[in-house]
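*Asks:* Here is what each chain is made of, one letter per residue.
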Amino acid sequence: MEFLNVYLPIAEQNFNGLILVAIGFAVGVLGGFFGVGGAWVVTPALNIFGFPMAYAIGTDLAHIFGKSIVATAKHRKMGNVDMKLGIWSIIGSVIGVEAGAQVIMWLSTMKIAGGDTLAGPVVRYSYMILLFGLGIYMLYDYATKDKRAAAKAATATVGMAAPKKAWNLPPMMHFPASGITISFWTVMGVFFFTGFLSGFLGVGGGFIRMPALIYLIGCPTAIAVGTDLFSVLFAGAYGCWTYGVKGVVDIVAAIYMLVGASIGAQIGVTAVKYIRGYGIRLLFAIMIILAGASVALKQFGLTTMAAWVVMGAAMSMCAIIMAKLWAGFKKEQAEKMAH
Amino acid sequence: MKRVWVVIFNVLLLGLPLLAWAADPGEKTADFASKQVKVEGLNAVNYFFASTYNSSKMLFAIEVTVIMGVVGGIIAFVTDRILKVIGMDVSKIEHHE
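From first to last, the protein sequence lines are chains A and B. Each step along the first sequence adds one to the number in our numbering, with nothing skipped, and position 169 is 192. Each step along the second sequence adds one to the number in our numbering, with nothing skipped, and position 84 is 154.
For reference, chain A alone in the conformation it holds in the complex (with noise of 0.2 Å):
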């Protein structure tokens, strides 16, 4: 396979080109189908297969500024944003990004046993926390799903609306697009932390954004994803240009991925078209526990075994994505065919 090996000239070292289109690939379906980005497989697989850990936050921020203009034009013009909401929440990603990337490259000039230096065990153990917790989370979801839906239906019954809470320490900002008056800390410290998870584990931070958007600012859910959309394409052009800056993005790795992730992307938002149901969630839970085992292999020296866990679940993830997509699409087909 050494045909397939590309120089990547910034990381100076080789790297099989059709690895780095397949993560780019995994994310785009995942990303594309779950309507998360996904980018969180990338950095602990860029690391799992030899970048040192602030390269491979740095590429992977390149790639996901590089996304989020593929996601920007799919979801038009990003018609549904708060535009004050939006500008706020640049000022607070960029700090937040900043302050991420601080951390890391400080954490970078400590070399640990084994010339890794300490930037890679801490976010090797935050990617764990974060990996595990999410995976378990949506497990739990979907163990509970019957319960939840049986409980909704009963307060639509009664009419009850779940109790709002808010912190309402002053300034006091008002959004009219969206409808929201909250504290100016809220919406900041909304923007920082998801932008210091951009800055620290080079993720685009949606699936924390989305929610914090949605039920802790209050907006509603077609202002939330345009607004995710744009505080996502100017906190990862940030985070691109603050590790380029700093020396650390390895631009031909980030083009490779985003080739791979842009086709991947179209099959995954048209497989939304032919797939339902809720136990493609429990893959998704599964995919993300194996990423997290995959790290901690890598954490504790298991290297080759970690690069095989974590390219088999996403690119199973992928497979079963895609043959659901082929029947789905096989079927209606078949039922156009009998009208």
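Treat the hints with care, as some may be off.
[Said to hold, decoys possible] Cβ pair distances, simulated, as ranges:
1) A174(A) / M128(B): 50 to 58 Å
2) E110(B) / K107(A): 50 to 58 Å
3) K175(A) / N113(B): 54 to 62 Å
4) L305(A) / L129(B): 42 to 50 Å
5) Y163(A) / A114(B): 47 to 55 Å
6) K175(A) / V115(B): 51 to 59 Å
7) I152(B) / L141(A): 41 to 49 Å
8) I152(B) / Y163(A): 38 to 46 Å
9) V155(B) / Y163(A): 43 to 51 Å
10) P144(A) / N113(B): 33 to 41 Å
11) F207(A) / M128(B): 29 to 37 Å
Since the hints were derived computationally from the structure, they do not count as laboratory data. We treat Cβ as the ideally placed atom computed from N, Cα and C, and that holds for glycine.
Fit chain B to the known structure of chain A by using the hints.
*Replies:* Positioned in the frame of chain A, the structure of chain B alone reads:
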């Protein structure tokens, strides 16, 4: 009194991000900031990236950001065209409350 506490709390919260800048990035990231990559034997594309990287990290950062944006835009445009040609339209994603 409540107003004083609000002001104090606001000042404290505003000061938090400054902790991130307390570390001097110029000194602590010297390894990466002054890093030079090899340019010998590279193909034209890699040579272009590597030589910009060696000459100015700021220029390299601008180059990376612009290229990723442009490549993203081109890919979005091309894939949209291809999908339209094969009769699939997934370019617009609708969101419902």
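*Asks:* Evaluate each hint against the coordinates.
*Replies:* Do the hints match the structure? See the list:
In this structure the supplied range 50 to 58 Å holds for A174(A) paired with M128(B), their Cβ-Cβ distance being about 55 Å. Checked against the hint of 50 to 58 Å, the pair E110(B) and K107(A) passes, with Cβ atoms roughly 52 Å apart. Between K175(A) and N113(B) the C-beta distance comes to about 59 Å, which sits within the given range of 54 to 62 Å. Between L305(A) and L129(B) the CB atoms are about 48 Å apart, so this pair conforms to the stated range of 42 to 50 Å.
Against the hinted window of 47 to 55 Å, the Cβ-Cβ separation of Y163(A) and A114(B) comes to about 53 Å, which satisfies the hint. Checked against the given bound of 51 to 59 Å, the beta carbons of K175(A) and V115(B), roughly 55 Å apart, stay inside it. The given range of 41 to 49 Å is respected by I152(B) and L141(A), whose C-beta atoms sit roughly 45 Å from each other. Remark: the range hint 38 to 46 Å for I152(B) to Y163(A) is upheld by a beta-carbon distance near 40 Å.
Checked against the hint of 43 to 51 Å, the pair V155(B) and Y163(A) passes, with Cβ atoms roughly 44 Å apart. Between P144(A) and N113(B) the beta carbons are some 36 Å apart, a value that agrees with the proposed interval 33 to 41 Å. The hinted window of 29 to 37 Å between F207(A) and M128(B) holds, with their beta carbons roughly 32 Å apart.
Of the numbered hints stated above, none is contradicted by the structure.
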